[in-house]
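Input sequences plus hints: build the corresponding full structure.
Chains A and B, in that order, are what the protein sequence lines are. Its first residue numbered -10, the first sequence is counted upward by one per residue in this note's numbering. Its first residue numbered 140, the second sequence is counted upward by one per residue in this note's numbering.
To be clear, the hints were calculated from the coordinates, so they are not data collected in a lab. None of these values were measured; they are calculated from a predicted model. Some clues are possibly wrong.
Said to hold, decoys possible - Straight-line C-alpha distance at most 30 Å; calculated DSSO-like pairs for lysine-lysine:
(1) K77(A) / K165(B)
(2) K165(B) / K17(A)
(3) K89(A) / K165(B)
To be verified - Listed below are several chain A residues computed to face chain B (Cβ distance under 7 Å; list not exhaustive):
(4) K17
(5) N45
(6) V52
(7) D85
Stated by the list, open to error - Footprint (simulated), chain A over chain B, 3 or more residues, beta carbon under 8 Å:
(8) 199 to 206
(9) 209 to 215
(10) 260 to 274
(11) 285 to 299
Ideal Cβ positions, reconstructed from N, Cα and C, are used throughout, including at glycine.
Below are the chains, spelled out letter by letter.
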Amino acid sequence: MLQVGLEHFLFVSAILFSLGIYGIVTRKNAVMVLMGVELVLNAANINFVAFSKFGNFGINGQVIALFVIVLAAAEAAIALAIVLNVYKTFVNINVDEINKLRD
Amino acid sequence: MDLYDIIFYLFALLTLVSAYFVVTNKNIVHSAFFLLFTLFGIAGLYVLLGADFLAVVQIMVYVGGILILLLFGVMITNKITNVSIKTGTIHIIPAAIVIGLFAGALASIMVKTQWQTESAKIPFTTSYALGKSLITEYVLIFEILGILLLIALIGAASIARREEKE
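Listed below in structure tokens is the structure:
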């Protein structure tokens, strides 16, 4: 049990995923919701790399993890731009108080 | 229990404990700094999994790019002088119960399943193989991701300064 194998990495990734979901649903601030999304994406990435090491998939899992990192960077940039726009319009970025689509 | 296992447990503990503080800390800036430790821990896990290039990319992109971007977002959207940098939380108790059940189910599935492991043929340094598969097998996704990054750059710039046009 103490010998580190695939299950240990998957366990860490499962807990990290759950913590990310918890951050997404409980935080008010939109930037904190973004941090939760980053945790979830990282948990998925750990799974990709772990299966790439312990399964017979060669390097493919690591390539997909690289793509996920690129997508996370693009997502963070776009989401931050939207958050800045929301802040200009509503003066705060609490996701439970912003409930209008127009000015 | 050899050195590999001890280092794994250290990095896993660092990752999970700082991830817990990321989602529970009241101060946003503290959360961002705990996210830094989480990302470092995940980079360490990548190294333990034999993905050296990916660990360096993780540190460069996440710590050098995304975390700085998030900190910029925190500092622009909070009134620093009025010390309103703390953030509230909502629905803590139902969220904790549901997520706890979910985490228990997910973790027990991950641990109980008899995974069929097989020693993979991962080269000792992965950058050569990664670059080769990026320009042969995955070249279409590689090019599409390049265009996506360009679109994201233009889109972020145009969304963020839409107000000045009017």
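Worksheet entry | Straight-line alpha-carbon gap K165(B) to K17(A), limit 30 Å | holds (11 Å)
Worksheet entry | D85(A) as an interface hint toward chain B, with CB separation required under 7 Å | holds (6 Å)
Worksheet item: Are K17(A) and chain B close enough, Cβ to Cβ, to be under 7 Å, as the hint says?
Response: Since chain B brings a Cβ to about 5 Å from K17(A), closer than 7 Å, the hint holds.
Worksheet item: Are there three or more residues in the stretch 199 to 206 of chain B whose C-beta lies closer than 8 Å to some C-beta of chain A?
Response: holds (count 4)
Worksheet item: Are the Cα atoms of K89(A) and K165(B) separated by 30 Å or less?
Response: Holds, at about 26 Å.
Discussion item. Please check whether V52(A) passes as an interface residue: C-beta within 7 Å of a C-beta belonging to chain B.
Written reply: holds (6 Å)
Practice prompt. Let me know if the C-beta of N45(A) comes in closer than 7 Å to any C-beta of chain B, holds or violated.
Written response: holds (4 Å)
Discussion item. Using C-beta distances, would you say chain A covers the stretch 285 to 299 of chain B, given that this needs three or more residues below 8 Å?
Written reply: Held - the stretch 285 to 299 of chain B has 9 residues with a Cβ nearer than 8 Å to chain A, which meets the minimum of three.
Discussion item. Against the 30 Å threshold, does the CA-CA distance of K77(A) and K165(B) hold or violate the hint?
Written reply: holds (24 Å)
Worksheet item: Quick check: the stretch 260 to 274 of chain B, covered by chain A? Criterion 3+ residues, Cβ under 8 Å.
Response: holds (count 8)
Discussion item. At least three residues with a C-beta closer than 8 Å to a C-beta of chain A: is that true for the stretch 209 to 215 of chain B?
Written reply: holds (count 5)
Going down the numbered hints, you'll see the structure goes against none, and every one checks out.
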